[in-house]
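Same order as they appear, the protein sequences are chains V and G.
Each residue of the first sequence is one higher than the last, beginning at 1 in UniProt numbering.
Each residue of the second sequence is one higher than the last, beginning at 1 in UniProt numbering.
Everything labelled a hint here was simulated from the structure, so no lab data went into it.
Treat the numbers as computed from the prediction; the structure is a model and nothing was measured.
Heads up, some of the hints might be wrong.
Claimed, not checked - If the Cβ cut is set under 10 Å, some of the chain V residues that face chain G in the computed set are:
1) Ala15
2) Leu39
3) Thr53
4) Thr78
5) Phe110
6) Leu113
7) Glu140
8) Ala177
9) Phe181
10) Gln186
11) Leu202
12) Phe335
13) Asp336
Unchecked claim - Interface residues of chain V toward chain G, partial, derived using beta-carbon atoms under 10 Å:
14) Asp52
15) Ala55
16) Phe100
17) Phe137
18) Gly138
19) Leu162
Idealized CB from N, CA, C, for every residue including glycine.
2 protein chains.
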Amino acid sequence: MALAVLVGATGSHIASWLHPETQADASTSIEWHRETAALAERGLFDLFFIADTPAARTSNLAGFSRMPLYMNVLEPLTLLSALAGSTRHIGLGGTASTSFSEPYNIARQFASLDHISHGRAAWNVVTSANDFAARNFGLERLPPHGERYARAREFVRLVQALWDTWEDDAFVRDREAGLFFDPAKQHPVHHEGKHFRVHGALNIERTPQGQPVIIQAGASEAGRELAAETAEVVFSSESTLEGSRAFYRDLKERMAKYGRQPDDLKVLAGMPLLVADSAQEAEDLHRTLQHLIHPDVGRMYLGMDLETDLSDLPLDEPIPEERIPKDANHHKAFFDHIVHLARVEKLTLRQLYLRYERGRQTLRGTPMQVADRLEEWFSGGACDGFMLTFSLMPGGLASFVGKVVPELQRRGLMRSRYEGRTLRAHLGLRRPPNRHVAAQGAAAD
Amino acid sequence: MALAVLVGATGSHIASWLHPETQADASTSIEWHRETAALAERGLFDLFFIADTPAARTSNLAGFSRMPLYMNVLEPLTLLSALAGSTRHIGLGGTASTSFSEPYNIARQFASLDHISHGRAAWNVVTSANDFAARNFGLERLPPHGERYARAREFVRLVQALWDTWEDDAFVRDREAGLFFDPAKQHPVHHEGKHFRVHGALNIERTPQGQPVIIQAGASEAGRELAAETAEVVFSSESTLEGSRAFYRDLKERMAKYGRQPDDLKVLAGMPLLVADSAQEAEDLHRTLQHLIHPDVGRMYLGMDLETDLSDLPLDEPIPEERIPKDANHHKAFFDHIVHLARVEKLTLRQLYLRYERGRQTLRGTPMQVADRLEEWFSGGACDGFMLTFSLMPGGLASFVGKVVPELQRRGLMRSRYEGRTLRAHLGLRRPPNRHVAAQGAAAD
Ligand SMILES: Cc1cc2nc3c(=O)[nH]c(=O)nc-3n(C[C@H](O)[C@H](O)[C@H](O)COP(=O)(O)O)c2cc1C
Ligand SMILES: Cc1cc2nc3c(=O)[nH]c(=O)nc-3n(C[C@H](O)[C@H](O)[C@H](O)COP(=O)(O)O)c2cc1C
Numbered sequence: 001m002a003l004a005v006l007v008g009a010t011g012s013h014i015a016s017w018l019h020p021e022t023q024a025d026a027s028t029s030i031e032w033h034r035e036t037a038a039l040a041e042r043g044l045f046d047l048f049f050i051a052d053t054p055a056a057r058t059s060n061l062a063g064f065s066r067m068p069l070y071m072n073v074l075e076p077l078t079l080l081s082a083l084a085g086s087t088r089h090i091g092l093g094g095t096a097s098t099s100f101s102e103p104y105n106i107a108r109q110f111a112s113l114d115h116i117s118h119g120r121a122a123w124n125v126v127t128s129a130n131d132f133a134a135r136n137f138g139l140e141r142l143p144p145h146g147e148r149y150a151r152a153r154e155f156v157r158l159v160q161a162l163w164d165t166w167e168d169d170a171f172v173r174d175r176e177a178g179l180f181f182d183p184a185k186q187h188p189v190h191h192e193g194k195h196f197r198v199h200g201a202l203n204i205e206r207t208p209q210g211q212p213v214i215i216q217a218g219a220s221e222a223g224r225e226l227a228a229e230t231a232e233v234v235f236s237s238e239s240t241l242e243g244s245r246a247f248y249r250d251l252k253e254r255m256a257k258y259g260r261q262p263d264d265l266k267v268l269a270g271m272p273l274l275v276a277d278s279a280q281e282a283e284d285l286h287r288t289l290q291h292l293i294h295p296d297v298g299r300m301y302l303g304m305d306l307e308t309d310l311s312d313l314p315l316d317e318p319i320p321e322e323r324i325p326k327d328a329n330h331h332k333a334f335f336d337h338i339v340h341l342a343r344v345e346k347l348t349l350r351q352l353y354l355r356y357e358r359g360r361q362t363l364r365g366t367p368m369q370v371a372d373r374l375e376e377w378f379s380g381g382a383c384d385g386f387m388l389t390f391s392l393m394p395g396g397l398a399s400f401v402g403k404v405v406p407e408l409q410r411r412g413l414m415r416s417r418y419e420g421r422t423l424r425a426h427l428g429l430r431r432p433p434n435r436h437v438a439a440q441g442a443a444a445d
Numbered sequence: 001m002a003l004a005v006l007v008g009a010t011g012s013h014i015a016s017w018l019h020p021e022t023q024a025d026a027s028t029s030i031e032w033h034r035e036t037a038a039l040a041e042r043g044l045f046d047l048f049f050i051a052d053t054p055a056a057r058t059s060n061l062a063g064f065s066r067m068p069l070y071m072n073v074l075e076p077l078t079l080l081s082a083l084a085g086s087t088r089h090i091g092l093g094g095t096a097s098t099s100f101s102e103p104y105n106i107a108r109q110f111a112s113l114d115h116i117s118h119g120r121a122a123w124n125v126v127t128s129a130n131d132f133a134a135r136n137f138g139l140e141r142l143p144p145h146g147e148r149y150a151r152a153r154e155f156v157r158l159v160q161a162l163w164d165t166w167e168d169d170a171f172v173r174d175r176e177a178g179l180f181f182d183p184a185k186q187h188p189v190h191h192e193g194k195h196f197r198v199h200g201a202l203n204i205e206r207t208p209q210g211q212p213v214i215i216q217a218g219a220s221e222a223g224r225e226l227a228a229e230t231a232e233v234v235f236s237s238e239s240t241l242e243g244s245r246a247f248y249r250d251l252k253e254r255m256a257k258y259g260r261q262p263d264d265l266k267v268l269a270g271m272p273l274l275v276a277d278s279a280q281e282a283e284d285l286h287r288t289l290q291h292l293i294h295p296d297v298g299r300m301y302l303g304m305d306l307e308t309d310l311s312d313l314p315l316d317e318p319i320p321e322e323r324i325p326k327d328a329n330h331h332k333a334f335f336d337h338i339v340h341l342a343r344v345e346k347l348t349l350r351q352l353y354l355r356y357e358r359g360r361q362t363l364r365g366t367p368m369q370v371a372d373r374l375e376e377w378f379s380g381g382a383c384d385g386f387m388l389t390f391s392l393m394p395g396g397l398a399s400f401v402g403k404v405v406p407e408l409q410r411r412g413l414m415r416s417r418y419e420g421r422t423l424r425a426h427l428g429l430r431r432p433p434n435r436h437v438a439a440q441g442a443a444a445d
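Looking at chain V on its own, in the form it has when it is part of the complex (with noise of 0.2 Å):
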């Protein structure tokens, strides 16, 4: 079973820094990330991962300026190459954006840190979502849906093109014959697309895994698409047994098309955690994170996706009928949960937000509780492992590796000792041979 963490500084609940277990200033500190790569590869873990926006709001800051998420972040690729020479094992994932940068510049950043690390790189790759972001890149707006997914594609498939740029043994290095390397096994690229134009031969050489891994997490059919044809992990993020099994069978039959195996990718499905010792502890943190919203960020997030503003209501008194929209845009599910709660359950608005989680709900639970989730999960055809989040880090990472593992090791679902050097081998993902090089069981391209 795999295992990834997602490291967001203080932890997944919005309120999570304002618990006096966290470190409040966790998302710049890169101590505290360095102790927690730490912690997670104690803990065996395949991979560490940074997720990213590369923005922060300007508006909406009377919330914003209490639920501080990516306002105040280190940049991803920065921070996996400090955290390189602190760790050994365990992968370093990162996010970068398709909307917003140069191939040649992600290609050679993320070939980079694939050889600072020996072979542990690995990029997520996303179209971002954010208008906002949008305009720190000379754009008013993301462009529509599509058009970011076809962009990514010919983004991805290019940077894959620059990192084969050399064939594994280009680099001779050979003195006597005062050779550094074999020109005939240079392979420049020359793309003409609709989005990028490059010519040229990347200026690093093969990196230790081949190529550094790709993620992507998209749910749509075009970011289905695009992980069926490119990925090599997926990150899922349906909330039941059921979905998340459909969403396994689903991408790993769409592979074939493209000529790929199903297990040339991995499916890690996404699961919020908040480990104790007993259901009544677990119960308790719980209870104690929802009181430490305040209330400006517990309107804003339920109107968010109420998809209302509901800045201007008392907090003890339930949302009047004529302020709640007639339907939603955006969250069905989570808007309809909010509406149910207004009006069946009639909750104040402090009620309200107390009670509400958004999106997934987080599994609170014992050590054995959670074992047993994954493991439903993992032997029911729902992924090949997880990447987890806690509500509360490191504490939460903490607990998992004291706890869980031991527990997922004794069922005999974790390694006991990292056997492989690079992220791939400890993944199960083969290394991709160079599209130059006709090898035995690889067709040349």
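Dock chain G with the ligands against chain V, hints included.
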């Protein structure tokens, strides 16, 4: 006297990788870079510097496969971040081109490096000068020189504005008040320029240095103006004391019209070195290196500066008169020097490339001779310090650290330990106040 070292793997001599003392795979070895940075730090250098061109050659490979500079390198930002953890004091500077990146990404990555290194980041702003690099980024060729510098100016000023997005004390992280940052201390950038449009806030707080240090090495009129307006370190590359003095005076005089003090910018004179225990040893090592140059490289090298193709000519005969072009288009001084050696000294092609040294001649000498030259230039008003390159690395740097540094210390020209904790402190550069804060002695803008 400020000291920087330009680290280009095996050394600045074109045949350095063939010398048995160097490590042929240095350019992609993170271990090699860690050791070299540690050495420079033992020598109390201010700055460890990585130059860059975002491209590998794809033509003339008969020569370039034997002279591999920049064909296969770690990318500067990922490399420097990785070095932040293995060093504690030395500044970490790297090149990024304003012709091929997005200001928001550059602002973030250098800000992140400044946080990760606790105040040691520096960005060398270049416009790039290679068409083969432009072809990696959708262009047929580079825009004209003036246009590149206009873009560079807009780029740098925009990055500096992004670095001032947040006041130094914006992130209060006040748990009692539930306030992560003070919204009044966020100052989004609203920029609509000729080359860039950016509306947003940087998603990382102001850095330990206030802003990373800006380096430039432009020599042209446009380059000097940009430096006078924005740079805090300038690498000069004059070959004579007099020329260097004139450059120094010229640059510092230009600063007044931008409201800057001469001391706000440090000029580091480029100084290529080959240090040995005796003058004879230095000459011997130089001769050894010259003889390691492969004839294909010698021919290509001469051909580049003579601005003609010499690849078909026999090595042991003079260059036929009719193959010498009428005049130079690029480097008149280099061209004239070669023509002189060919016509007047009547050297054969082989003798010529063994004799010829491109550009600035390497200072070869004993530790005492090197210290004398540095003192002469420094005390003579030619510079505020030096950007050193060594024919062989890390050997040359090791000799310098072991033998020249103590002599400079004895003369009172160098520190005996690091006193400050940031690159700005080492260089005696003030920490720039945030433009949005009216401070004593600093005007708001
Ligand atoms: C575990 C996980 C991590 C993600 N990380 C990022 C991220 O770092 N940056 C980002 O812009 N989107 C991120 N996403 C969003 C996805 O890339 C994707 O945009 C989203 O799931 C919607 O799917 P679609 O793009 O196919 O519409 C993440 C999603 C998941 C499930
Ligand atoms: C010490 C030194 C380091 C330099 N590093 C780079 C570099 O890393 N990348 C680059 O493209 N140019 C580099 N340059 C070139 C300068 O940025 C500049 O383009 C050149 O000196 C010509 O000046 P001009 O641009 O004003 O015409 C360097 C120059 C010097 C002297």
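Going down the list of hints, with the structure as the test:
no.	hint	in the structure
1	Ala15	holds (8 Å)
2	Leu39	violated (17 Å)
3	Thr53	holds (7 Å)
4	Thr78	holds (4 Å)
5	Phe110	holds (9 Å)
6	Leu113	holds (5 Å)
7	Glu140	holds (9 Å)
8	Ala177	holds (9 Å)
9	Phe181	holds (5 Å)
10	Gln186	holds (7 Å)
11	Leu202	holds (7 Å)
12	Phe335	violated (27 Å)
13	Asp336	violated (29 Å)
14	Asp52	holds (9 Å)
15	Ala55	holds (6 Å)
16	Phe100	holds (6 Å)
17	Phe137	holds (6 Å)
18	Gly138	holds (5 Å)
19	Leu162	holds (9 Å)
In the structure shown, a violation is registered for the earlier hints numbered 2, 12, 13, in ascending order.
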